[in-house]
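Trainee: Each chain is listed here by its residues.
There are 2 protein chains.
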Amino acid sequence: MNYPNGLKKELIKNKLEIKYANRGMSLEDDLNKTNEYYRQIDKAYIYKKPTPIKIVKVIFPQKKAKITEAYFDTPSTTDYNGIYKGKYIDFEAKETTSLTSFPLNNIHPHQIKHLEKIEKHNGIAFLIIRFTKKKETYLLLEKELKDFLENNTKKSIPISYFKEKAHLIKEKYSPRIDYLEILDNIGGINHDE
Amino acid sequence: MNYPNGLKKELIKNKLEIKYANRGMSLEDDLNKTNEYYRQIDKAYIYKKPTPIKIVKVIFPQKKAKITEAYFDTPSTTDYNGIYKGKYIDFEAKETTSLTSFPLNNIHPHQIKHLEKIEKHNGIAFLIIRFTKKKETYLLLEKELKDFLENNTKKSIPISYFKEKAHLIKEKYSPRIDYLEILDNIGGINHDE
Chain A
1 MNYPNGLKKE
11 LIKNKLEIKY
21 ANRGMSLEDD
31 LNKTNEYYRQ
41 IDKAYIYKKP
51 TPIKIVKVIF
61 PQKKAKITEA
71 YFDTPSTTDY
81 NGIYKGKYID
91 FEAKETTSLT
101 SFPLNNIHPH
111 QIKHLEKIEK
121 HNGIAFLIIR
131 FTKKKETYLL
141 LEKELKDFLE
151 NNTKKSIPIS
161 YFKEKAHLIK
171 EKYSPRIDYL
181 EILDNIGGIN
191 HDE
Chain B
1001 MNYPNGLKKE
1011 LIKNKLEIKY
1021 ANRGMSLEDD
1031 LNKTNEYYRQ
1041 IDKAYIYKKP
1051 TPIKIVKVIF
1061 PQKKAKITEA
1071 YFDTPSTTDY
1081 NGIYKGKYID
1091 FEAKETTSLT
1101 SFPLNNIHPH
1111 QIKHLEKIEK
1121 HNGIAFLIIR
1131 FTKKKETYLL
1141 LEKELKDFLE
1151 NNTKKSIPIS
1161 YFKEKAHLIK
1171 EKYSPRIDYL
1181 EILDNIGGIN
1191 HDE
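Line by line, the protein sequences are chains A and B. The first sequence begins at 1 in my numbering and counts up by one. The second sequence begins at 1001 in my numbering and counts up by one.
For reference, chain A alone in the conformation it holds in the complex:
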C-alpha cells in the first residue's frame, strides 16, 4: 500500500524502472483535465495534492538539486481539495477493476476519518470511484459511505450500493468527469451564493 495510484499495475509490467510519463487515460488524468477546465472557466479551484515523498538524499551534480534516494510516503489526507462556490471541497478518487464491488482496503482508514471530519465542519466530502471494466464512475457522498460502514461488516462496497446510493457521473468530452454538476443537482452547495 506504499505506492501512489496507478503505480502498482506498472510494477508488474516492468520490475526495474518506471517512467512516469505515459500512464494512459486513468481516472487521475480525467480528473486533472476536469479540474483544469473548471479553473479555465473560473468555476472552481480544485487541485490534486502532490504525492508525498520522503526524501533521504539530495546531490548537486550541477546547479539543480537531484534527489537520489527517496520513498513513497503514506498520504495524511485525501488527494483532492479546493473551493467551489465558497464551499470547501474534499475527495478521494480510486479505480477498481472489480466488476462487482469496490474493495475498502483501497482507502486508508485515516482518509475515511478525514472525510468524516470535513463533512462535520460543513465541507463537501465524497469519494469518486471508477469501475474501469464497466466504464462507470460514481460520486459517493461521505454520509452514504458512513451509512454503509456503520451497517455492514463487508470488506467491499457492492456495485448495487453505488447504483442505489451514489451518483453516476456521465463521461463527457469536456469536462470529462463533471462532478460539480452532480453536486449542483443534489443541492447543498448553494449556501454562499
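Just so you know, not all the hints are guaranteed correct.
Below, a list of computed lysine-lysine pairs in the DSBU-like style, where the Cα atoms sit at most 35 Å apart [as the list claims (entries may be wrong)]:
(1) Lys1094/B x Lys49/A
(2) Lys1064/B x Lys85/A
(3) Lys43/A x Lys1143/B
Worth flagging that the hints you see were computed from the coordinates, not collected in a lab.
Chain A is fixed; fit chain B onto it per the hints.
Mentor: Chain B in isolation, oriented as in the chain A frame:
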C-alpha cells in the same frame, strides 16, 4: 527558485548530501505544530501540501519502491489549505532574514494569482510572513497584498506596510502561531456558524 523552503540555506552548509531530519524551528515547523493542535481540538483541518517532486526513476531493490532519480517541481498553488468554520482557507508562508522588507521574488506570480482567485470565490486567502531576525510573524490578507501590488512598483514590501496593514501573530507555547485567532478577531469568518 527550484528548492522548497529552507533547503537553500542547507545547500551552503553541505554541498554533497542533505538529511531532511533536523531543520530547527522554522516557520514551517511552527505551522505544522499549530495545524496539528487545531486538528487535535477539532477546530480546523488545515494541512501543508507535500512538496511537488518530479519522479524520473524508481527501482525495486526489495519489496519497497525506491526512487533513485527525482527533482523538485514548481508548486502549482500555495503550500497550505483546508477548512475552518465551513470556510475554505488558503495561504502561503515564507520567512525572510531581511530586517527591513519582504522580497516579493519569494512568491511565484502564479501563487499571488491563485490567492486572488480564492478570495474572489469567497475563500479566506492570506500570507504568513516571518521576519526571522526580528522574531515577528505577520498575517497579511490577500486584499492588502493586492492593494500593495496595485499601488507600488517596489520589489519588496517594507516592514512598515506590515506594521500598518498586516496583523502581528503573537507566538505562544501552544498553538505556536495562532493565525485562526487573528481571522476570528478581524471578522469575516462567521458566515457559516
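Trainee: Each of the hints needs a verdict: does it hold here or not?
Mentor: Now for the hints, and whether the structure bears them out:
no., hint, result
1, Lys1094/B x Lys49/A, "holds (20 Å)"
2, Lys1064/B x Lys85/A, "violated (41 Å)"
3, Lys43/A x Lys1143/B, "holds (20 Å)"
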